Amino acid sequence: MARTEKKKDVVLVGFGWTGAIMGIELANEGLEVLALERGHDQATVPDFQYPNMIDELKYGIRYGMMEKPANTTVTIRRSLDEEALPYRSLGTFLLGTGVGGAGTHWNGLNWRPMQSEYRLKSYVTEKFGADVMTEDMTIQDYPMTYEELEPHFDRFEKVAGISGTAGNINGKIVEGGNPFEAPRSDEYPMPAMPSTWDGVKFRDAAKAAGYHPFPSPGGIASKDYKNEYNMQMGPCNHCGFCERYGCYNYSKSSPQTAIIDALKRKKNFEYRVNSEVLRVEKAADGKTVTGVTYFDHKTGEEVFQPADLVILTAFALNNVHLMLVSGIGQPYDPNTNEGVVGRNYAYQITGGYTLFFKDENFNPFIGTGANGFCIDDFGIDNIDFAKEGFVGGAYWRAGQTNGQPGHTMPLPAGTPSWGAGWKKGIGEWYGHAMNIGAHGSVMSYRGHYLDLDPTYKDRHGRPMLRMTYNWHPNEIRQTQFMKQKMEPVAKSMNPTTLQEGFKKEGAMFDVRPYQTTHNTGGTVTGDDPKTSVLNRYLQSWDCHNLFVMGANTFPQNTQYNPTGMVGGLAYWAVNAIRKDYLPNPRPLV
Amino acid sequence: MRDIPGLPSRRGFLKASAATAAIAGIAVPAKAEQKPEPVALTEYQPDCLKPSEWVFVMAAVARLIPSDGDGPGAIETRVPVFIDKQLAGDYGKASDWYMVGPYEPAASPLRGWQTPLAPLEIYQQAIPLFDEWCKTTHGKIFAELDAETQDKALTSLQKDEMKIKPELREFFGILLANTKEGYFSDPMYGGNHGMAAWKYIGFPGARGSYKEWVGKHNVKYPLGPVSISGERG
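Heads up: the protein sequence lines correspond to chains B and L, in order. Counted from 1, the first sequence has number 209 at position 209 by my numbering; the numbering is strictly sequential. Counted from 1, the second sequence has number 47 at position 47 by my numbering; the numbering is strictly sequential.
Keep in mind that the hints were calculated from the coordinates and are not lab data. Since this is a predicted model, take the numbers as computed values, not measurements. Incorrect hints may have been included.
What the hints assert, rightly or not - One-sided excerpt, in silico: chain B residues whose CB lies under 10 Å from chain L:
(1) Thr72
(2) Arg119
(3) Met193
(4) Lys358
(5) Asn361
(6) His407
(7) Trp418
Stated by the list, open to error - Reference listing, derived: stretches of chain B covered by chain L, where coverage requires no fewer than 3 residues with Cβ under 8 Å from a Cβ of chain L:
(8) 46-60
(9) 426-439
(10) 531-539
All C-beta atoms in this analysis are idealised placements derived from N, C-alpha and C, irrespective of residue type, glycine included.
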């Protein structure tokens with residue numbers, strides 16, 4: 001050990017959304033707070049500024065904002081008897097790095113899960129019988145209720161600056177919003193963003209089919225806005241560079257835009273970049289943690305950072321990895337179905353229709369990450385699982401996010417991939433295509449989990465995180481159901497031609513094309529230490545001064561983009577830390 | 001900067017949207033001079049490709065995005081320069097990727113990049129093998145074949161009819177991907193010369209400001225592209 005730093009009250013591991021939330025809330029309590037960020041520092045100016053940020057090759061194709069697999073990656077296998085191989089170059093998910101983390105390069109889609117999702121196992125069992133769950137399904141209830149979380153969702157939405165149209169305020173259905181959403185206590189902080197032509201066409205077709213379209217809720221400012229920390233957003237100009245990019249316009253919700261500049265002004269807050277936490281250190285009795293050991297990339301040495309309270313606020317996969325390499329909690333074993341750390345890893349299943357209209361202009365470069373209209377008629381609350389033969393649901397959305405031609409060039413099936421036919425195809429079809437997507441839940445299963453790889457090591461000599469995941473028949477049935485329901489809606493729009501992209505029976509997990517970065521589970525929250533790593537306050541069952549944030553706390557994945565839930569849970573947990581834990585540090589359950 | 005008639009100028013818009021003090025610091029690209037014509041491809045000195053590799057890349061991209069028909073080809077847009085520069089840099093060396101063994105290059109393609117070779121090494125090793133295959137199968141190296149036979153040979157490569165070794169399996173995939181990247185990327189990377197590919201399909205490049213256009217449904221956007229360095233097309 002080369003160096004020991006001065007003790008802090010709180011150390012945060014990772015400085016993205018949850019690190020920023022914990023940082024400002026605990027600094028406001030007067031605590032000495034330190035955030036350790038493995039990546040570089042970055043701010044809107046100069047790092048995201050126009051025009052250099054809107055460079056498709058650098059950021060959209062070479063993934064300039066992402067963690068380099070050379071530095072950190074995982075190994076992946078599709079079954080227990082397959083050999084895991086490293087995820088060497090980026091494809092199916094994109095893991096961010098640096099200050100702001102994934103909160104800088106996301107699309108901004110922001111949701112609260114549906115009401116049944118907080119008590120999914122009970123809901124399914126009570127309503128449809130336990131038989132609708134497959135034998136290997138390991139879904140479980142959240143240990144807190146939606147009603148308990150509601151104020152914290154509301155707060156996160158107001159901090160992040162979410163635009164949208166409420167559909168249910170305190171039980172009263174509001175025309176134009178999502179009538180199926182869980183009741184909210186207040187409006188969205190900003191009105192919904194206007195939609196491009198593709199979203200409007202879908203809205204009209206969905207309405208004509210008897211469904212209930214509403215504007216996509218997202219962290220994209222529809223007007224000027226100031227949040228409780230006096231952080232300001234400016235109205236979005238629909239530049240079409242959200243996902244994979246930092247926002248140059250102070251319009252996309254991010255830790256930078258919503259929290260960090262306010263946090264940096266606090267004298268009792270410090271953050272250190274290029275400081276990669278290697279493990280959490282346990283006390284001799286194993287009942288508490290003493291701090292973290294990190295690698296200081298500037299000096300090339302290991303540093304012990306003592307702290308009274310450690311909060312893991314890194315990306316989901318990294319939080320799970322840290323728990324495993326630190327030996328906190330029993331690793332999950334799928335053979336015995338015992339242990340908890342790494343259990344209930346889940347992902348997201350997506351599919352959709354691409355519609356081509358020869359004579360219509362979509363101007364696909366006009367977009368935002370949360371553009372367009374959605375329906376929730378096939379959400380998890382609205383499906384008869386006994387009848388349809390699966391557990392899950394999806395929201396649908398049409399709304400172009402970008403027209404960057406290097407990675408967004410839908411062409412009708414049968415168009416050659418090169419040569420004269422390809423060149424003709426891009427001339428004919430660029431700007432004349434739109435997409436309707438289904439964004440579906442993924443349940444958790446006995447065979448889908450995270451553990452330490454027996455072969456591959458990271459650059460610090462730690463075993464890599466190993467992911468065991470494949471598409472499960474339950475999700476294939478769900479996504480095929482969505483296809484069957486979406487086809488008539490797509491056809492009713494009378495496109496010149498259309499094509500579907502839904503996973504079919506036997507589909508194997510393919511790591512090459514981008515799918516989603518919604519990696520969930522691995523340190524789930526629950527009421528039973530035998531099936532969860534964290535109690536209802538996201539506090540470690542094993543070490544009471546260790547809390548863990550992130551989508552890794554989800555018992556199974558919801559049908560939505562995870563950030564709204566991650567933010568809501570962070571405010572819920574920090575509220576408990578402030579009001580209950582700090583006055584009397586102890587296991588809260 | 002050209003403005004849309006009847007709408008606020010981009011500069012005006014930026015001023016109007018400066019809800020925060022710092023946004024005013026965002027640079028608007030200066031009125032750019034059109035750049036002088038760069039060196040002819042035949043006289044270009046590659047950064048990393050050897051002469052035989054350059055000849056192959058020139059010939060291959062000319063078939064992957066041919067010059068005849070509507071829209072520019074890979075040659076006019078200087079895609080070979082882009083490919084040479086990319087292969088000479090971090091991408092060509094796979095600097096960002098996890099390149100530590102053990103390797104399983106014959107694993108299912110669904111499992112991603114599993115060869116021990118970086119992209120530049122794949123070009124370097126695959127080009128002579130493919131040229132040799134073209135000679136055996138069609139009588140001449142790739143660059144010397146007529147266009148129709150070149151298309152046939154590329155199709156064979158794409159379908160892996162030559163049974164290339166698994167370490168080089170990604171060759172056609174990266175050749176095609178790099179060709180399209182060079183066609184569509186900002187001109188500062190060497191390809192998409194004159195933003196010709198953007199003009200052809202109607203992508204406005206780095207304009208990045210469309211607030212007034214969101215509600216103009218089903219109306220074709222009228223302005224040509226701008227590049228990151230301020231070229232206007």
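Results for each hint:
1. Thr72: OK, holds: Thr72/B within 10 Å of chain L, min 9 Å.
2. Arg119: With Cβ-Cβ at 36 Å, over 10 Å, it is violated.
3. Met193: holds (8 Å)
4. Lys358: Violated - the Cβ of Lys358/B stays beyond 10 Å from chain L, reaching only about 12 Å at its closest.
5. Asn361: Holds, because the Cβ-Cβ distance from Asn361/B to chain L comes to roughly 4 Å (cut-off 10 Å).
6. His407: Since the shortest Cβ distance to chain L is 9 Å, the answer is holds.
7. Trp418: Holds: closest Cβ of chain L sits about 4 Å from Trp418/B, inside 10 Å.
8. 46-60: holds (count 8)
9. 426-439: holds (count 4)
10. 531-539: violated (count 0)
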